[in-house]
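Q: Each chain, written out:
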Amino acid sequence: DAKTTQPPSMDCAEGRAANLPCNHSTISGNEYVYWYRQIHSQGPQYIIHGLKNNETNEMASLIITEDRKSSTLILPHATLRDTAVYYCIVRVALAGGGADGLTFGKGTHLIIQP
Amino acid sequence: GAVVSQHPSRVICKSGTSVKIECRSLDFQATTMFWYRQFPKQSLMLMATSNEGSKATYEQGVEKDKFLINHASLTLSTLTVTSAHPEDSSFYICSARSLFTGNTIYFGEGSWLTVV
Chain A
43 DAKTTQPPSM DCAEGRAANL PCNHSTISGN EYVYWYRQIH SQGPQYIIHG LKNNETNEMA
103 SLIITEDRKS STLILPHATL RDTAVYYCIV RVALAGGGAD GLTFGKGTHL IIQP
Chain B
5 GAVVSQHPSR VICKSGTSVK IECRSLDFQA TTMFWYRQFP KQSLMLMATS NEGSKATYEQ
65 GVEKDKFLIN HASLTLSTLT VTSAHPEDSS FYICSARSLF TGNTIYFGEG SWLTVV
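Taken in sequence, the protein lines are chains A and B.
Residue 156 is where the first sequence ends in the working numbering, and the numbering goes up by one at each step.
Residue 120 is where the second sequence ends in the working numbering, and the numbering goes up by one at each step.
Hints in this document: simulated from the structure, not taken from any laboratory.
Beta carbons are placed, not taken as given, at the ideal position from N, Cα and C, and that holds for glycine.
Each hint should be verified, as a subset may be incorrect.
Label-pair restraints from in silico Cβ distances [to be verified]:
1. A59(A) x E67(B): 37 to 47 Å
2. G57(B) x A55(A): 47 to 57 Å
3. T114(A) x Q33(B): 33 to 43 Å
4. S47(B) x V134(A): 16 to 26 Å
5. K24(B) x T114(A): 35 to 45 Å
When the alpha-carbon atoms are kept at most 30 Å apart in a straight line, the in silico DSS-like pairs for lysine-lysine are as follows [said to hold, decoys possible]:
6. K68(B) x K148(A)
7. K68(B) x K45(B)
8. K45(B) x K45(A)
9. K59(B) x K45(A)
Only chain A is shown next, with the shape it has when bound in the complex (with noise of 0.2 Å):
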């Protein structure tokens, strides 16, 4: 699986937009990005994955460059319970196979500033 690279923290004020991003040059053509985040003292939380197009679901909305070589995660309006390490990952993702499991970097942590 390629390697990411992300900032190791980030601030933002609540109730504004937070935007992390993701670098990930080396990415093959059928690697997904996935974003995790992980709250302290708890498993990982999947949040978004995407192949080239922009997604958004009810957590967050995941902008992928045209390139692929970077992508953004976005957390609309975040609250103090959004702080929490997040990981970008990408992986080969097969409908039928694929058991490989997630390799995690160091990742973002994000801390909301009330």
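We have chain A; now place chain B onto it with these hints.
A: Then chain B, alone, in the frame of chain A:
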């Protein structure tokens, strides 16, 4: 999203004893389950991958005789830490995937193990 549950959430055991952690997929059948370990202030490290009915595949450096993994059904995998030592104290997390989840991997809440 799919729900994965672990039990117990916290366990304390004496050095030299064995402890079992259960991981269940509550609303889907998990063809593949993964076990991770996380030490304080570090990222998650994949320990092993198990497919239902097959022997687990362990990552390099993980002792298969010490960390016994059983995936006997499509909804249950267990991790048994045998002859536990204080250095095995850690946060253990399971995850699961299947065709139902479209290959997206969902995680359990994690289990804190303290060996005294």
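Q: Hints the structure violates: just list their numbers, smallest first.
A: Hint check: nothing fails, all pass.
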